[in-house]
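Enquirer: So you can see what is in the structure, the chains are spelled out below.
There are 2 protein chains.
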Amino acid sequence: MVSMATVKEVGERKLVDNIRNIIRPRSGNTVIGPGDDAAVLKGCTDGTVVISTDVVTKARHFPEGMTFERFGWTAAAVNFSDIVSMGARPLGFLPAVTIPEDEDESSLYDIMSGIDQCCEFCKCDVVGGDTKFGELAVAGTAFGTMEGRRPMTRRGAQPGDIVAVTGTLGDAAAGYFAIKNGLEADDQIFKLMVPVPHMEDGIKLAETGVVHSCMDLSDGLANAACTICQMSRVGMEIEWEFLPVDDETRNILEYCHCDLKDTITRWGGEYELLFTFDKSDIKKLYEAGIAFSIIGVVNNSDEPYLSDGDSRTVMKDGIY
Amino acid sequence: MVSMATVKEVGERKLVDNIRNIIRPRSGNTVIGPGDDAAVLKGCTDGTVVISTDVVTKARHFPEGMTFERFGWTAAAVNFSDIVSMGARPLGFLPAVTIPEDEDESSLYDIMSGIDQCCEFCKCDVVGGDTKFGELAVAGTAFGTMEGRRPMTRRGAQPGDIVAVTGTLGDAAAGYFAIKNGLEADDQIFKLMVPVPHMEDGIKLAETGVVHSCMDLSDGLANAACTICQMSRVGMEIEWEFLPVDDETRNILEYCHCDLKDTITRWGGEYELLFTFDKSDIKKLYEAGIAFSIIGVVNNSDEPYLSDGDSRTVMKDGIY
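In order, the protein sequence lines correspond to chains P and B.
Heads up: the first sequence begins at 251 in my numbering, then just goes up one per residue.
Heads up: the second sequence begins at 251 in my numbering, then just goes up one per residue.
Rather than coming from a laboratory, the hints here were simulated on the basis of the structure.
All values derive from a computational prediction rather than experimental measurement.
Misleading hints may appear alongside valid ones.
Copies of the same chain are indistinguishable here, so a pair counts whether it falls within one copy or spans any two.
Taking lysine to aspartate or glutamate pairs in the DMTMM-like style, the calculated list, with each CA pair at most 25 angstroms apart, reads [stated by the list, open to error]:
1. 566 / 385
2. 511 / 457
3. 264 / 469
4. 566 / 267
5. 373 / 296
6. 533 / 267
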């Protein structure tokens with residue numbers, strides 16, 4: 251959409267009307283959508299609602315190469331990731347956008363389009379929202395329902411549990427360093443810019459009923475491991491050699507002189523799921539068709555350790 | 251709470267811990283509250299969730315005399331008002347707060363305390379939230395459930411309906427002008443600073459099952475009347491003499507040389523409910539114990555008119 255008008259020139263009400271013309275509910279769950287005081291959704295079949303809110307700001311979530319569309323996608327994705335990592339099925343999303351008065355109106359449409367695409371990916375709708383003038387930020391709220399599944403939390407890890415992770419680690423970090431160093435790395439850069447909420451994995455994991463604890467890696471593996479250990483009052487032994495790292499990702503990080511262990515374990519912006527379960531239940535997870543890597547075990551200590559042959563260090567909870 | 255530390259000095263994680271120590275779920279509906287990836291609530295007994303998000307910003311919602319605590323209350327109240335005006339019972343609230351790095355930490359606790367008090371008033375919990383650095387704003391999300399009631403929307407007004415409103419009009423405006431002119435007017439100023447979501451009225455109105463359309467007056471009577479007329483494709487005839495205006499409020503507005511009609515009909519920041527119903531159902535509303543004033547009728551035209559003896563003018567949709 252080509253436009254030279256600022257959001258202030260277009261005016262709040264006209265903007266909202268324009269947005270409503272691009273974004274319409276598709277799922278059958280939205281009984282009353284945007285345009286009324288509030289949205290009404292059906293679909294909480296077991297009486298539960300699962301809900302999360304997170305703010306993404308231009309200052310913090312707009313790296314070089316980011317577009318407004320991807321910024322919108324990210325704002326929705328980080329929130330969906332929080333509810334699907336509990337095993338919820340998404341029902342809808344509400345973006346509260348603050349945008350500078352002198353920003354081009356097309357920026358707002360691009361943000362909303364990115365949000366809508368992520369909602370379509372999660373098979374649900376933008377059901378409401380708000381726009382006010384201010385520094386660029388999207389405070390998003392994602393909500394869904396458990397459909398009878400037991401929510402997976404950070405609290406249930408038990409000594410003896412296997413520690414596992416979906417997907418691969420370090421790709422978003424490699425994307426960031428590839429951009430910084432002018433390397434071509436489409437896959438890694440895409441993973442950095444377009445984080446994917448692992449909806450199907452989350453639902454399947456919860457459906458098995460055998461997962462003791464689960465959370466996403468939005469703040470990095472070390473943060474997730476520390477959080478589960480603290481909340482579950484357990485420790486972990488993670489094997490460095492077991493961590494699933496793509497060869498190209500490893501090459502990029504080495505080329506960019508990154509400390510490999512630090513980058514793989516402490517970099518945020520990844521949305522893979524870390525989870526634990528009793529080893530006797532592993533067959534149920536395989537049968538559910540979930541692809542994962544075993545990376546360690548839960549024990550009776552109170553911290554997660556990373557082991558690599560001779561060396562063994564406490565995993566530090568900290569975000570780059 | 252006396253404190254000289256800025257939110258940046260205290261640090262994001264410590265702030266969150268401190269907030270969690272002041273704010274704890276009280277209602278029995280919160281299965282998993284703050285501290286996990288997402289909150290899980292039960293209580294959507296009929297499978298519905300009703301949800302709304304609105305941003306309040308310091309630039310727009312912090313008049314002279316406002317405190318951080320009242321700002322927090324307001325951020326929650328405007329969102330609860332949107333869901334209760336449909337007839338929903340609140341289940342929870344999530345504040346996404348952006349706050350300047352150099353703001354005193356006590357400001358954040360005061361905002362959260364105001365939010366929590368409003369949640370307590372609405373018999374539900376702060377169930378999650380997020381805090382990031384940025385210009386002061388609260389993007390709040392309120393959600394609830396219909397409990398089997400039919401949602402009251404802006405779309406169902408029918409020619410012949412009676413138009414009614416709860417409470418009195420113009421008090422918030424009078425509060426604003428009282429402050430501007432140095433007048434003492436505690437009641438009016440309190441109504442401006444501490445907007446009250448009309449939860450019990452909203453639930454009772456929806457319970458009668460006879461309300462055809464309903465919305466709150468957050469953007470003023472004229473805006474609400476215009477919106478219902480536009481969405482329901484009807485007109486209205488509102489009688490100026492029927493509008494419920496408190497004597498003291500009228501005195502303040504006259505003393506401050508306000509245009510009485512313009513101020514009473516176009517001033518926002520009031521949270522009374524405007525609703526319409528078939529006149530044959532009026533007994534059901536009285537029996538439900540709802541206090542309201544009849545202010546006009548719905549007709550076949552396509553705009554709301556305000557009549558005052560000889561004069562008759564179209565109500566203009568516009569906010570001060």
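Enquirer: Against this structure, judge whether each hint is valid.
Expert: Each hint, compared with the structure:
Taking the shortest Cα distances, residue 566 and residue 385 never come within 25 angstroms of each other, neither inside one copy (33 angstroms) nor across copies (31 angstroms). Taking CA atoms no more than 25 angstroms apart as the test, residue 511 paired with residue 457 passes in neither setting, with 33 angstroms inside one copy and 60 angstroms between copies. In this assembly of identical chains, residue 264 and residue 469 lie within 25 angstroms of each other by CA distance solely across copies; the values are 16 angstroms between and 38 angstroms within a copy. With identical chains, the CA atoms of residue 566 and residue 267 are at most 25 angstroms apart between copies only, with a shortest distance of 19 angstroms across copies and 48 angstroms within one.
In the homo-oligomer, the alpha carbons of residue 373 and residue 296 lie at most 25 angstroms apart both inside one protomer (19 angstroms) and across protomers (22 angstroms), since each shortest distance falls under that limit. In the homo-oligomer, the alpha carbons of residue 533 and residue 267 never lie at most 25 angstroms apart, since the shortest distance is 52 angstroms inside one protomer and 39 angstroms across protomers.
Going down the numbered hints, you'll see the structure goes against 1, 2, 6, while the others check out.
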